[in-house]
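Trainee: Add chains B, C and D to chain A, keeping to what the hints say.
There are 4 protein chains.
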Amino acid sequence: MKVWLIGAYGIVSTTAMVGGKALEKNIIDKVGLVSELPFFSGIDKYAPLSFEFGGHDVRPMDNAYAASLDHWEQNRHFERHILEEVRDYLEGVKAAKGTALNCGSGIEELGKIETLEQEGLTLREIADRLTEDMKKFADDETVVINTASTEPVPKYSEEYHGSIDGFERMLDDDAKEYATASMLYAYAALKLGLPYGNFTPSVGSNIPALKQLAIEKKVPHAGNDGKTGETLVKTTLAPMFLYRNLEVIGWMSYNILGDLDGKVLSHRDNKESKVVSKDKVLEKVLGYSPYSITEINYFPSLVDNKTAFDFIHFKGFLGTKMKFYFIWDAIDAIVAAPLILDIARFLLVAKKKGLYGVIKELSFFFKSPMETDIVNTHQQFEMLKEWFSGLL
Amino acid sequence: MKVWLIGAYGIVSTTAMVGGKALEKNIIDKVGLVSELPFFSGIDKYAPLSFEFGGHDVRPMDNAYAASLDHWEQNRHFERHILEEVRDYLEGVKAAKGTALNCGSGIEELGKIETLEQEGLTLREIADRLTEDMKKFADDETVVINTASTEPVPKYSEEYHGSIDGFERMLDDDAKEYATASMLYAYAALKLGLPYGNFTPSVGSNIPALKQLAIEKKVPHAGNDGKTGETLVKTTLAPMFLYRNLEVIGWMSYNILGDLDGKVLSHRDNKESKVVSKDKVLEKVLGYSPYSITEINYFPSLVDNKTAFDFIHFKGFLGTKMKFYFIWDAIDAIVAAPLILDIARFLLVAKKKGLYGVIKELSFFFKSPMETDIVNTHQQFEMLKEWFSGLL
Amino acid sequence: MKVWLIGAYGIVSTTAMVGGKALEKNIIDKVGLVSELPFFSGIDKYAPLSFEFGGHDVRPMDNAYAASLDHWEQNRHFERHILEEVRDYLEGVKAAKGTALNCGSGIEELGKIETLEQEGLTLREIADRLTEDMKKFADDETVVINTASTEPVPKYSEEYHGSIDGFERMLDDDAKEYATASMLYAYAALKLGLPYGNFTPSVGSNIPALKQLAIEKKVPHAGNDGKTGETLVKTTLAPMFLYRNLEVIGWMSYNILGDLDGKVLSHRDNKESKVVSKDKVLEKVLGYSPYSITEINYFPSLVDNKTAFDFIHFKGFLGTKMKFYFIWDAIDAIVAAPLILDIARFLLVAKKKGLYGVIKELSFFFKSPMETDIVNTHQQFEMLKEWFSGLL
Amino acid sequence: MKVWLIGAYGIVSTTAMVGGKALEKNIIDKVGLVSELPFFSGIDKYAPLSFEFGGHDVRPMDNAYAASLDHWEQNRHFERHILEEVRDYLEGVKAAKGTALNCGSGIEELGKIETLEQEGLTLREIADRLTEDMKKFADDETVVINTASTEPVPKYSEEYHGSIDGFERMLDDDAKEYATASMLYAYAALKLGLPYGNFTPSVGSNIPALKQLAIEKKVPHAGNDGKTGETLVKTTLAPMFLYRNLEVIGWMSYNILGDLDGKVLSHRDNKESKVVSKDKVLEKVLGYSPYSITEINYFPSLVDNKTAFDFIHFKGFLGTKMKFYFIWDAIDAIVAAPLILDIARFLLVAKKKGLYGVIKELSFFFKSPMETDIVNTHQQFEMLKEWFSGLL
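Protein chains in written order, with the numbering used here: chain A, 1 to 392; chain B, 1 to 392; chain C, 1 to 392; chain D, 1 to 392.
Among the clues, some could well be false.
Note that the list lumps identical chains together, so a pair holds whenever it fits in one copy or between two copies.
[Stated by the list, open to error] Straight-line C-alpha distance at most 20 Å; calculated EDC-like pairs for lysine to aspartate or glutamate:
1) K315 to E73
2) K2 to E24
3) K315 to D29
4) K263 to E295
It is worth saying that the hints were derived from the structure and are not from the lab.
Only chain A is shown next, with the shape it has when bound in the complex (with noise of 0.2 Å):
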């Protein structure tokens, strides 16, 4: 199958191109596949482990090995050696020239960029380059996926995104304020028949207007932001004191990480989209809020090994208070590569079997899943198998 990779050059797309390359050279075991476990077994055949990669990036890179090097060198995330051994193959990956509109004051991070609105491009020429650029790339089993970094939070217009038409006149109207990058590649994917999936906490497709497109172009989609560290151990771990009656009375989440990531959150407005997109889970489990602390804050040496520090107050029977700590201490593009496969291989099974609109049934890989409040790791995955169990 085919994977069309926004935010190409950045350290989880690269890894999953250079994860998914040596499975195909059998040289790494499954290890960090979900779509690999016993339970979906008969996946092969519907989206074998077999993947063409390309995407749109917004920094001036040779190539995708040249990203992917620059990302090792920073990482050491992997053995150089896999790296070597599929370098022919990522030097043939051009990320097309993509757009960074609206995508906040963090983007300053990413150094020199070249988007299609510095070419001067109207919201209609951006779409549209967008699209051949995706086009060119695509056959029917191609499936696109968001990777690129946090986006502030848009402001919601009725009148362009609450319709498809809104959408359309807004890119007509060439109304800049209104679109996010996000949107914008949703959009062209949706258009183009491609199943999407958004693996940020940016808006994406998650807008009236693009959930009307996906229904009507009949594609599947699904998002939004990857549950890869502190929130996936918080929403298998919560529902622990929700089980046994144990009241939260206070519950710190404190998350460091270095890395581009972690520059582009240090700024407040990219942050905010996160921190909002990290906190409601515990409500969503428990029933009820308690008190409690999400920050994520920047830490230069850590590079991408994003660590969290979790303390969670709980009280017990008679009144009595006791404490729960945990840290996580993991590379996040190594826990967020393969769900980027994965995804994308559930995606083409729902779209070969006839699935369109937002797919709820993969929340088990997002912080934020669209149209359901299911958040707790164990019902999402017990739906994931249910849904997956009833497809074949």
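Mentor: Chains B, C and D only, in chain A's frame:
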């Protein structure tokens, strides 16, 4: 309802008594009680939140108030005024003299003990005395729960443990080396038709003879070993690694505790049953056995503030190793005590609904549930909910 | 000896009073008291373990017992019976009405307050009232200690803060925007010849005017900001990295606390002086400024159980990065209160030995010691020992 | 200078070699080297940063490069290119065949070994061979350091260990049950007048016979047991509790590690000397023995990433209990290797300055320093600084 507690003067039993009576008096809220979650509404009709307590013990103390106060002085595990408000009731609860047969060297840590075997009774006479004591107390709504200190693993005898006839013969033969205290208590309860729950890793009703007795007498029973601390967290968290196909390459579980429990477990023979019970859960959840360390050590100053340190080393995509740490800092009796009331209530519901034999749907409460390999906390909770909603 | 406490009804002050009287009555042992270490034997001759307490506060409470009980109800920070055994004494301790001038928005968290400025007094009149109050209480063996909530950093005025003449002019000019409560208390104490210790990060005696006054009046003083928690550990541990030539590449310090202190510090203006005080120590110990995060956040359920999470990222031989984590889980008032008594005793010894001005050898007790850059806990302790043994 | 390493193919020795040569080539900076701190400026004149390496080992490997590569494949403990840049040199370093006499059952974990005793040599012949090997390599600026795996505690014999005459008699008597490998190496070094440092808890030069030899030969020596991980932190942190008069009521130290070191220590006889060495430090720092647990366990996936979990339970003012936790997550060889170079340099300075016998001022580097009870890291560092500045 009535609850007969084996080990009535222990910290778990006395905390359950204090809490049970405090709930009746409405001076504490229902935090910690699983059976009071909305999922189990309707349980009140069968097993209201109103309790009478009795039990056996081998320590010569005046009454349950004296025992409670002793634990309180060591632990301050709840607000003192609660104890005083139920003092009158507790002063009326006096444990009958019990047995400590083959309870291992750890029993020495309890200090001076008084047992039926010290009176020179035969096995049959001991069993008869235990039966009489329970009979005097019990009514149709009585459940027996074992909370006594952990016994060593007894050596299995097909002749004496393999059938109820064999068990009766063991009593008649006075074959003391084959009987342990927990078996005798379980025998007495089941013989009288009283539902029996085993909150300890001791053998209790978990031999063919007693399982047969439970079926013949049409009594429900459940066990073993209350899931209250580190194992609760482990069986909640390990599924996350399974779901995400992250390979656990090592899991360290290091437990420290003071208190009698800690002292008893510092005896190698007594510890053995505990460690085995804790150790098997990872394999059951993950489907493979990662390298694991499970240790329990005595740490006097913590008293009942059982603390667990866990370190999980796991491998993700592209073979990269990552780390997770947690610290569980809780008061064991506070986590355990409400479960005593929960188990008693659910067993009473089971009895009233005509169920008998091992109630494996109560596995949610146990580290080593009988007759099921489901130890994933979430699956257990779903199973409990479904079972309950099917019953009513 | 006598101790006059600014913020007499706060948790640190009342805990110091409870402990001070309990020591006299021999119902607690001397754990936590630095001045009772064998290194300081002989101190009794100058400053025996026998205390009378008085102080200022802005909260209208009945007496120090009522205030203590209030803190105890929130925190259970020691055994209740101790409080009762010193109840009679504490009921006799009634704080004089104080000032909260320019104490920032955080002061609102204290609830209803009554201050001298509310009476419409001028600066001079306020200073006079504070002086009178102290004068009525004090004798030759009286020390004044500031434990009141943290004030915002005042703006420095060379005219008014640069000399004692300027300071007197500020009082006469009623230039309220330049004065803060802590300055006024410090002025009153020094003017009266009473040794003054500043246990808070507020400015206190740390302006040229008051340093000059201390020298003119030949009074010893010391501060600032009691080193009680995370900074204590940090200044003990950071030297290890220095000694071993391990490069600290990042140090995260994340503090959470409830209580009034936490509420006050959740006000940005009040927090500022605290964070600055904590932040500088790494540079002073290591000789360079690693990337560091120092945050303090409000976490109500912890009350005074101030908890700190620190993560140290360091680089070793051959450039390899390594990690260190610590969690400090202590009761702030319990760590702080004995130091109040220690500082009072050491200041009294200083006075009796004819020392005056800033006693920088007391830096061991402070986060931001005046007139020295030595913050390494070990060096401070050595300095304290040497100073003391040179005195006697 | 020249360094002769006992256990030359081990991870600590090879990492020291890699680092030593990389320093010479200026491809790494001096992080981790104590002797390069400004406090020790001037050391270059006596012991420049320029090294030749040789040594003994019992594993038949081609050369130090092969051994380094093997460790690197397991650990990735530094950037691979550094190893390649010193490859030529390391390929020339071939260890002489050593002895593993009475090295315990743990030695089996090393795989196939080749020893002098397998050749059927007598004790005297073994000692002679070791001496010859060193002699061929050594010059006036050569130091011998022991980094071999931990031996069991030998049984002390006053006859053979009590004097150098006795020791010589032991060699002549071929009394193999009284000699261990580390003694023989130390004997050879001291006899040749080569300064000797014992980085392991094995007995080494720490018997009267060899101390006497060192004095007779006027050679400086130091040991035992490099202070590299959890003990380093413990002896840095425990003083804080002492200084503040906080009573340590329990200290748990739980260490896990993989690697050969972990395997060897999983043998009860080999572990014994290690645990004893670690255990005594608390009493030496605090002046009393708190309840303490010190455990070391094998955890294969960590390889050399030795991880320690410590929990400190302490009592403060008014008897209140509080808690402190730390996690040390470091690469043991990376912390240890530079100290090998440091010890070698300081011993060479000592020799050049005419010092001999036990150099107790080097206690800073050791867990169980010979002839001093000072284990407080801060005092040790002060002692080292003073000693050094007194020398030059």
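Trainee: Between K315 and D29, at a C-alpha cutoff of 20 Å, which is it: within one copy, between copies, both, or neither?
Mentor: Classified as between: cross-chain Cα gap 11 Å, same-chain 43 Å, threshold 20 Å.
Trainee: Please work out whether the CA atoms of K315 and E73 approach to 20 Å or closer within one copy, between two copies, in both situations, or in neither?
Mentor: Answer is between; shortest inter-copy Cα gap is 17 Å, intra-copy 46 Å.
Trainee: Give the relationship of K2 and E24 under a CA distance limit of 20 Å: within one copy only, between copies only, both, or neither.
Mentor: within (13 Å within a copy, 51 Å between copies)
Trainee: Cα distance capped at 20 Å. Does K263 pair with E295 within a copy, between copies, both, or neither?
Mentor: both (14 Å within a copy, 18 Å between copies)
In this structure, none of the earlier numbered hints is contradicted; all agree with it.
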